[in-house]
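There are 2 protein chains.
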Amino acid sequence: MKVGIVGVGCSKFGARDCTLQELAFEAVSEALKDADLAQEDIDISVVGCVGTRSYELMPAVVVNEYCGFSGKGPLRVEAACATGSAAVYSAFSSIKAGIAEIAIAIGVEKMTEVDTATSAAIGGRAGNYLWEHHFYGTTFPAYYAMHATAHMAKFGTTEKQMALVAVKAHRNAAKNPKAHFQKEISVEEVLGSRVITYPLKLYDCSPISDGASAAILASEKAVKEHGMDAVWIESIGFSSDTSNMTMRESFVGLRASRLAAEMAYKGAKIIDPLNSLDFATVHDCFTIAEIMAYEDLGFCKKGKGGEFIEKGESDFGGKMPVNTFGGLKAKGHPLAATGIAMVYEIVKQLREEAGRLQVDLKHYRALSHNVGGTGHFAWVFIFGR
Amino acid sequence: MKVGIVGVGCSKFGARDCTLQELAFEAVSEALKDADLAQEDIDISVVGCVGTRSYELMPAVVVNEYCGFSGKGPLRVEAACATGSAAVYSAFSSIKAGIAEIAIAIGVEKMTEVDTATSAAIGGRAGNYLWEHHFYGTTFPAYYAMHATAHMAKFGTTEKQMALVAVKAHRNAAKNPKAHFQKEISVEEVLGSRVITYPLKLYDCSPISDGASAAILASEKAVKEHGMDAVWIESIGFSSDTSNMTMRESFVGLRASRLAAEMAYKGAKIIDPLNSLDFATVHDCFTIAEIMAYEDLGFCKKGKGGEFIEKGESDFGGKMPVNTFGGLKAKGHPLAATGIAMVYEIVKQLREEAGRLQVDLKHYRALSHNVGGTGHFAWVFIFGR
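Those sequence lines, one after another, are chains X and H.
Heads up: the first sequence begins at 34 in this note's numbering, then just goes up one per residue.
Heads up: the second sequence begins at 34 in this note's numbering, then just goes up one per residue.
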């Protein structure tokens, strides 16, 4: 039995002056309208929210109540920055299990309720708290800086190649009305921006954004009954890894991403992603993360990610257009909203509704890749229409 | 396709001098041994943890790593005090969806890392933060005190009837080696204990406990292949409700409990629970909560819960033995561990391994009822063997 996405919504990302639940409703109302469904058509609502930066300790309750899903929202899911994908998984498995016919996955994060320093400290606690954050003060830019220096040392990846990821992201985001940043930047601006943790500079990092996204999933039966237009979930891959960086096999990639991709490709019977998928959305919380993703997802060989961006292979017209919506880097990264925002962009693309950001479609298939922490969690989905 | 519980584990509940992950491993290792399985047999691990009282902000990662499930633990679930049931649901739906053959649900909570006053304040934030906790300072004993006074005013329920729930709980817990409290108490002791929020006294309240529990679920196919002994999950009911107490229809019961029970009974084709089930575990976070549960679950008419306990109907030999393991009240209530600890006790009973606490079995069917907040979330499961 197939499960499809029949409606998507996404709030404007950025510093938003509204409550968590108001933000969620912005995405939910768009998704309901998109699917031409009402709250009473939904059997179960799964709220994804990391929530460590906002007032509400039980975000699922207030979000479901405000969005009209009281009685239908029995749980919240969390998988750090991959929370949105975990929510889609939970909605998907509820339908596939025959428990629901139509389900909604909501991802919402209000990050600007605390200041940047507090946010960074909270982020650091999301790794291995005791050994890495408490004793060494590691924050997320520091974690990804370790990946970047390892990649530079082993493969000769350059700061300029990383900067190109940011430049592409901003160029695309400038055409995306939902994006946090709407301004193009140059390689020189990235390289000249202040150092956060060497070699990562300000423009190598995704911003702290508020945002919400929602996806409505339906069984094949419900799709037919309601005459809805579905983008099908062909397969789901997931993995997780140790929280202790000293236990990782290497820093030049994320094992969890690789394993999740393997599982998703196997499920969708994909051997060569470049000749099976039209485009991909990947987890570019830092520019180095996108370069590692090219490699971990098999778009190029390990170590060749820097070249891949430099040759324009991840741009429009390249071998695998990546993050045509602006990515986490420039559209924004409101933790739990990110995974479902990827689904939003994929559905728009596969329906050929992406306007100025539309990619050419041949296979009508695409991939989303969503990472929690530094590969503590990883989810890969394959979609087809 | 049926899904069964093939292994259960539960840590000793109480104030525990160990880490979150060590606590989880105590339950996980018992469950693996019980099922005669190893970590490599598990396809997916779902960690339930509310986590607001312990250091780790991403508990699923450290718990999965320590328990040997790295690579298999892609998400955490949360549903306040009903988190354990949400974790079982997630494991159940993963199997039922055909994504996993064998799954583990882990519930773990380290509550004693903060002091009691802080814990109460955090608990208060789990209701409707802005209107109820921030402005009025409502905490969980205060919420349930409102339920208790409403029940007393409308139905003449007495403080003594509530005390009887605590006396029964302590009597049972005294025979349960996993219980936080191992000491019997008298009605006079309950009535004479200091008032927390009128009419609830110290002994009307469940304690603040550390604890972990784990349940291994398997598909019918895996049960046969491994020759395992399964307690089947016959049906699952869930609901949720508004976080705003002023929006509730009444305070004498929990609408979410009633709706979750209806859904579970319908799924298991149960019309008369008293003549279909041998016993039940219900969410007695406060004594009034157990009395309301008798009514909301249909063990007696609305308003007759006080009489039900007074006549001994919820004791061994009564119409529906309830919380024979000591309940949340005396075994303890480590939030996320609670729902799976109920599953632990039910499996032990249905396998006739409950020792001195064994109930007489006729139908070989039982119910678990797990509430988050004051009915913000509710889960009801029907089990059969």
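Do not rely on the hints blindly, as some may be mistaken.
[As the list claims (entries may be wrong)] Derived SDA-like pairs: lysine to any residue, alpha-carbon spacing no greater than 20 Å straight-line:
{"no.": "1", "chain 1": "H", "residue 1": "K344", "chain 2": "H", "residue 2": "F188"}
{"no.": "2", "chain 1": "X", "residue 1": "K302", "chain 2": "X", "residue 2": "K337"}
{"no.": "3", "chain 1": "X", "residue 1": "K395", "chain 2": "X", "residue 2": "K334"}
{"no.": "4", "chain 1": "H", "residue 1": "K381", "chain 2": "H", "residue 2": "V392"}
{"no.": "5", "chain 1": "X", "residue 1": "K299", "chain 2": "H", "residue 2": "E134"}
{"no.": "6", "chain 1": "X", "residue 1": "K299", "chain 2": "H", "residue 2": "K381"}
{"no.": "7", "chain 1": "H", "residue 1": "K35", "chain 2": "X", "residue 2": "G131"}
{"no.": "8", "chain 1": "H", "residue 1": "K299", "chain 2": "X", "residue 2": "K395"}
{"no.": "9", "chain 1": "X", "residue 1": "K299", "chain 2": "H", "residue 2": "I132"}
{"no.": "10", "chain 1": "H", "residue 1": "K299", "chain 2": "X", "residue 2": "L307"}
{"no.": "11", "chain 1": "X", "residue 1": "K299", "chain 2": "H", "residue 2": "K35"}
{"no.": "12", "chain 1": "H", "residue 1": "K35", "chain 2": "X", "residue 2": "K395"}
{"no.": "13", "chain 1": "H", "residue 1": "K35", "chain 2": "X", "residue 2": "K334"}
{"no.": "14", "chain 1": "H", "residue 1": "K35", "chain 2": "H", "residue 2": "E267"}
{"no.": "15", "chain 1": "H", "residue 1": "K35", "chain 2": "H", "residue 2": "D262"}
{"no.": "16", "chain 1": "X", "residue 1": "K302", "chain 2": "H", "residue 2": "K254"}
{"no.": "17", "chain 1": "H", "residue 1": "K254", "chain 2": "X", "residue 2": "G131"}
{"no.": "18", "chain 1": "X", "residue 1": "K337", "chain 2": "X", "residue 2": "K299"}
Worth flagging that the hints you see were computed from the coordinates, not collected in a lab.
Hints versus structure:
no.: 1; hint: K344/H to F188/H; verdict: holds, 16 Å
no.: 2; hint: K302/X to K337/X; verdict: violated, 25 Å
no.: 3; hint: K395/X to K334/X; verdict: violated, 23 Å
no.: 4; hint: K381/H to V392/H; verdict: holds, 10 Å
no.: 5; hint: K299/X to E134/H; verdict: holds, 17 Å
no.: 6; hint: K299/X to K381/H; verdict: violated, 39 Å
no.: 7; hint: K35/H to G131/X; verdict: holds, 12 Å
no.: 8; hint: K299/H to K395/X; verdict: violated, 47 Å
no.: 9; hint: K299/X to I132/H; verdict: holds, 13 Å
no.: 10; hint: K299/H to L307/X; verdict: violated, 49 Å
no.: 11; hint: K299/X to K35/H; verdict: violated, 26 Å
no.: 12; hint: K35/H to K395/X; verdict: violated, 41 Å
no.: 13; hint: K35/H to K334/X; verdict: violated, 43 Å
no.: 14; hint: K35/H to E267/H; verdict: holds, 8 Å
no.: 15; hint: K35/H to D262/H; verdict: holds, 13 Å
no.: 16; hint: K302/X to K254/H; verdict: violated, 24 Å
no.: 17; hint: K254/H to G131/X; verdict: holds, 18 Å
no.: 18; hint: K337/X to K299/X; verdict: violated, 23 Å
Of the numbered hints listed earlier, those contradicted by the structure are 2, 3, 6, 8, 10, 11, 12, 13, 16 and 18.
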